[in-house]
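Enquirer: Here's the letter readout for the chains.
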Amino acid sequence: MALVLTEEQELLGRTARELVAARSPLKRIRQLRDARDPIGFSRDLWREMARLGWAGILIPEAHGGAGLGYTELMVVLEELGRGLVPEPMLSTVLLGASALLLGGSDAQRSDHLPAVAAGDLLLALAYQEQRSRYDVHHVETRAEWASGSWRLTGEKIQVLDGHVADVLVVSARTSGSPANAEGITLFLLRRDAPGVRVARQWRIDTRAAALVALDGVRVGAEAVLGEVDAGGALLARVLDRATIGLTADMLGGMTAAFEMTVDYLRTRRQFGVPIGSFQALKHRAARLYVETELARSAVMAAHRALDEGADDMQAARMAAIAKARCSDAYMLVAHEAVQMHGGIGMTDEHDVGFYLKAARAAEIMFGDAAYHRDRLARLQGY
Amino acid sequence: MDDLDAFREETRRWLVANAPPSMRKPLAAGEDYCWGGRKGRWPADVARWLAAMAERGWTAPTWPREYGGGGLSEEEGKVLAQEMAKLGVRPPLVGFGLTMIGPLLLHVGSEQQKRRHLPPIAHGEIRWCQGYSEPGAGSDLAGLQTRAVRDGDVFVVTGQKVWTSFADKADWMFLLVRTDPDAPKHAGITFLLMDMASPGVTVRPIKLISGASPFCETFITDVRVPVENVVGHVNEGWGIAKMLLRFERNMIADAFKERDDAARLLALARRYLPADDGRVGQPIVRDQITQLEMDQACFDWTLARSRARVKAGHPPGPETSIFKYYGTELNQRRRDLAVRIAGPQALGWEGEGFADDEVKLTRDWLRSRGNSIEGGTSEVQLNIIAKRVLGLPD
Ligand SMILES: Cc1cc2nc3c(=O)[nH]c(=O)nc-3n(C[C@H](O)[C@H](O)[C@H](O)COP(=O)(O)OP(=O)(O)OC[C@H]3O[C@@H](n4cnc5c(N)ncnc54)[C@H](O)[C@@H]3O)c2cc1C
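Here the protein sequences line up with chains A and B, keeping their order. Each residue of the first sequence is one higher than the one before, counting from 1 in the working numbering. Each residue of the second sequence is one higher than the one before, counting from 1 in the working numbering.
Hint data in this document are derived by calculation from the structure and do not stem from the laboratory. Hints are not guaranteed to be accurate.
In silico contact screen, one side only, chain A against chain B (beta carbon under 8 Å); selected entries [as the list claims (entries may be wrong)]: (1) M260; (2) V262; (3) G272; (4) G276; (5) S277; (6) A286; (7) M300; (8) A324.
The structure presented is a predicted model; accordingly, all values stated were derived computationally and were not measured. Note that beta-carbon positions come from the ideal geometry of N, C-alpha and C, so glycine has one too.
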């Protein structure tokens, strides 16, 4: 496993950084928030990103994608995370398209993936519920088969981009009790289907999310993604991969917050000297640097492992390690960033607060560090 | 099958045929690796293993053959290490010759110094110690006071070194001396090689909190060192001293990579904190074990990344400071956790009621406290990162 980027990958990263700088500076993130933009991002910018191949980065060329690997995805996500860019990479690509790639039938793939790769179709994965916390197998939403169709009833929370996605991938219980890993089935629904109600949620971070209520929504047998009752394993596979992708976004965010802080240490003066000359701050900054470097290693190793065909157990292990480390590191960096900025760091006017909120949201999303450590221990039998 | 696979095959066969069975077991309590040197006495199987490996140059696999090495490429060296690890064979020889002064001489030594000093290191004949620290010069190493005055073809050296690991067992010392007392402190330093058998050298062992006596005070009185034993140029020893420190930090970091520590800690936890469901009894301890395992994995990947960067032609960055800082911290956390898992059984110093491995665990914890001091303290490493990597002002 060579943990170094190729020249093409470095170039991809530079292109991404330039696009973010030109089209989505932090000023734009602030405007979207202040305007309470109902969508939360721009479909035009998303199409532009699709033209660069990002929306279809993991989608095979046969389905109109770029057919690249996870390391390429990582490079792009890091830049998006650096800029806190809200375009629907996580929802549409990492969760939605990934579910179709890993579990979809040929027909389902060719129906959806080309439009995803073109930036025209948005997806969302509705799996989290009020009482599921981090357990993706805790599913209370029910799907019942009656007179030739499935009827879905339940409520999903914090569905990323659920308010605008054209198609929702929904987990529902088709047998068993709420915490069973078995008996879960994934369904594809159109957001505008009768009985689907979505309400935009406002979180601390700038990622858009929605409550999705399903009130007797009817779909046919062809809407099942994968096998009936076997969606639990598929869901876990999708989330492990999405978790790994999220860590690349987190890496970008923590790096940006860290660099912002080091700049401030060099320029802000007190007692007649730059505050970065105080050893109490130097050592803390040096520790943050070590933490971010270790995080970078974990993120690279996890993406590389997926490219090298990690099996489900390896993918789960890598996801746990990378997510635990990035959760802790991003929070540490963000907390320290605010502290080292002093009073200005507490103001809404300063950008550092955006990173603190993004860090918290990313930390909790897909399971925090303690959850992932416990998960790794269980995976390894202790 | 490509060349490397063939090499792997051949290497494995040779190791299986030649490693004595006793050299394929982990160290038992009280046992140590072979450090070589004139003063060392090693059991017959240890000596045999050293001789067999030294004959192939595999004590220093990637050094050129003319200097006693094995002449292997980086890749072949890695394959050898991997095969040794797989078979669980012990390194035939360890020490500061192989990890510090040897690599340094390969880079900056004169041809004559390489020919003279490297083969005895690779053969395990000469053991080296490091004379850097002095009573008044620790973190502020450049403040050293040991004097060397030129007298014809020799330098006459006088001063005191301290914390000199294994000075009592070593045959030679590499040391820093002040050759120009009037120059600014970094400018008047010279890097010397000194035979410990020279008249005027005396050593006094110092006992550590762990009970062992691995290091000494070294008193140097009017010792005559030939001018040819200067490495690099007179008064230009500081740059060389720092280069050696990078080798040292690499070595210290390397010592803390890729072990099966999670498994070892887990075995300890199962022994001292059993639970009915097969999990570790205390969730907090379980969490700490997992945390260590994860941090170790991240550390290993960071080492791998830095190697990959160097191989891809990027200059090595100041990452040795990260490795020294973080690797030692990891080791300390691990030793500390092992003691907490063992609980009351970790309080033994020796004798009745305490197993050998319990005493070792405790002494290893005590010894590990030195990891963040030796080779430049953690605070010094953080200073280096802040200055050299982050560019923070003085
Ligand atoms: C087990 C062991 C083996 C050793 N082996 C050898 C050997 O073989 N050869 C050899 O030459 N030396 C050896 N040493 C010595 C070692 O390199 C020194 O102990 C080390 O460099 C620290 O110096 P000092 O002990 O004088 O502590 P000091 O420099 O006095 O440090 C005391 C404390 O002050 C802190 N401090 C000092 N300066 C700063 C600063 N600028 N900023 C922030 N904090 C600071 C230190 O981090 C430390 O916590 C060994 C040490 C140990 C523990």
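Enquirer: Does G272(A) pass the interface hint, meaning its C-beta sits closer than 8 Å to a C-beta of chain B?
Expert: violated, 12 Å
Enquirer: Hold the hint about V262(A) up to the distance rule: shortest CB distance to chain B must be less than 8 Å.
Expert: OK, holds: V262(A) within 8 Å of chain B, min 5 Å.
Enquirer: Taking the least C-beta to C-beta distance, is M260(A) closer than 8 Å to chain B?
Expert: Hint violated; M260(A) Cβ to chain B Cβ min 13 Å, cut 8 Å.
Enquirer: Is the interface hint satisfied for A324(A)? The criterion is a beta-carbon contact with chain B at less than 8 Å.
Expert: A324(A) check passes; min Cβ-Cβ to chain B is 6 Å, inside 8 Å.
Enquirer: Checking hints one by one. Is S277(A) an interface residue toward chain B, by the C-beta closer than 8 Å rule?
Expert: Since chain B brings a Cβ to about 5 Å from S277(A), closer than 8 Å, the hint holds.
Enquirer: Does the nearest C-beta of chain B fall within a distance shorter than 8 Å of the C-beta of G276(A)?
Expert: Holds, about 4 Å.
Enquirer: Could you check if M300(A) really has its C-beta closer than 8 Å to a C-beta on chain B?
Expert: holds, 7 Å
Enquirer: Verify the interface restraint on A286(A): the C-beta must sit less than 8 Å from at least one C-beta of chain B.
Expert: holds, 4 Å
Going down the numbered hints, you'll see the structure goes against 1 and 3, while the others check out.
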